[in-house]
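Novice: Below are the chains, spelled out letter by letter.
Number of protein chains: 2
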Amino acid sequence: MVSGRYQRGGMGRLPHAVLERFSLYLREAEGRLARGESTVSSQELARALGLTPAQVRKDLGAVGPLGARGVGYRLQPLVAALRHALGTDRRWPMALVGVGQLGRALVRHRGFREQGFCFEAIFDRDPRLVGRRIEGLRIEGVDRLVERIRAAGIRIAVLAVPPEQAQPVASDLVRAGIKGILNFTATALAVPDDVAVVSVDLGFFLEQLTHHIVSMAQPPRRERDSA
Amino acid sequence: MVSGRYQRGGMGRLPHAVLERFSLYLREAEGRLARGESTVSSQELARALGLTPAQVRKDLGAVGPLGARGVGYRLQPLVAALRHALGTDRRWPMALVGVGQLGRALVRHRGFREQGFCFEAIFDRDPRLVGRRIEGLRIEGVDRLVERIRAAGIRIAVLAVPPEQAQPVASDLVRAGIKGILNFTATALAVPDDVAVVSVDLGFFLEQLTHHIVSMAQPPRRERDSA
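Chains as they are written, first to last, in our numbering: chain G, 121 to 347; chain S, 121 to 347.
Do not take every clue at face value.
Covered stretches of chain G, going by a simulated chain S footprint (3 or more residues, C-beta under 8 Å) [as the list claims (entries may be wrong)]:
hint	region
1	153-159
2	192-200
3	220-229
4	294-302
5	319-329
No lab work stands behind these hints, which were simulated from the structure alone.
Glycine is no exception: its CB is placed at the ideal position from the N, C-alpha and C atoms.
Let the hints inform the model, and build the full structure from the sequences given.
Specialist: This is the structure we're talking about:
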């Protein structure tokens, strides 16, 4: 399991670092468009995102001939091209498995819908939850998962079940035709090569912060070694 | 903002990729220890995590002389050394700002406590929430944030406020002495160089999955170009 990114490398067309920058360009361009701007220069993008203008021009050159010397990038075609490259120029129905605290927070998260991600089927193992409604969606039993996801043609699933249920549910999701899993279970999942898993492991993110804090509190290694 | 990892590079002692592998070694070693094992070989670690044995030996060699030829790594000292390197060999009190759906799910998340991360102060701007209790913690007003965090000596904060409140709250957190922010606001934060920000942007993770799915559905670029 690799946290917060591909479990398997190089499955998509773009390398991970470029993909990450594409997401940043898209957020920045959408923000400027929303503020009524119509163009942006590679210098402005570079400054906003902490990159070099040369890096910005190289990355965006790969998307298509979007920039013009002296004018910069027109924001509307830039946003459209980035969304197309990232695959978010369409609506993506999603399934959720595990309607606990985290699952409920995810269903209610408004950001998903704004980006075109929409929960269409939600499942839980607990018979006391089955039949209840959240945000207009009826909670269904996991026994119906494969059939329902196949019938709806859903390709993306969010996994928010307890760790011990993670692998069996993931295997069902694969059988149902799911090709991308957002995994909140802090469990490594065994899936076929054509299925991408992005694992969101909050403990891993916190370890990055604590490593930063304890590193800062220590003198640099070279000084200690020569002391 | 870089999603799911350091906002600024190279602040801690370890490069990001090594840090990520340390977290994976730690999870794997803790799991084996919990199952009653006492040693693990570099081959076993490599197989479990999809790495090469040489990479494992190089990474763990940097932590200390933990392995012995023919015996492998003893799990107990390995776990202790990895926790020390990551800074998780102690208890970390945390603050939460923003007690909405996501904030509540985070406070109730059991994994944090098991790893030594413990919410000690939680804040919200909404006067209707102030005074209520979640998991035994009293929700306090954000006006008390700087004073309370300073008095408690808290260094890590989880930010789960609406985007428009993100920067002002982050500035207050910095004034209060916070050195690490887990940022759920999908907003780039301006903070001093000695403060680390790890941003968890769920839209970014989903874009990785959609890019994977649309890339798979297309023929490789070379074939299309020569067609």
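Novice: Against each hint, give a clear statement of whether it holds in the structure.
Specialist: Each hint tested on the structure:
1. Coverage of the region 153-159 of chain G by chain S is violated in this model, with 0 residues showing a Cβ closer than 8 Å to a Cβ of that chain against a need of three.
2. Check result for the region 192-200 of chain G against chain S: violated, 0 residues qualifying (beta carbon to beta carbon below 8 Å, three or more required).
3. Coverage of the region 220-229 of chain G by chain S holds [criterion: at least 3 residues with CB-CB distance below 8 Å; count 7].
4. With 4 residues having a Cβ less than 8 Å from any Cβ of chain S, the region 294-302 of chain G passes the three-residue criterion, so the hint holds.
5. Only residues whose C-beta sits within less than 8 Å of a C-beta in chain S count toward coverage, and the region 319-329 of chain G has 10 of them, enough to reach three; the restraint holds.
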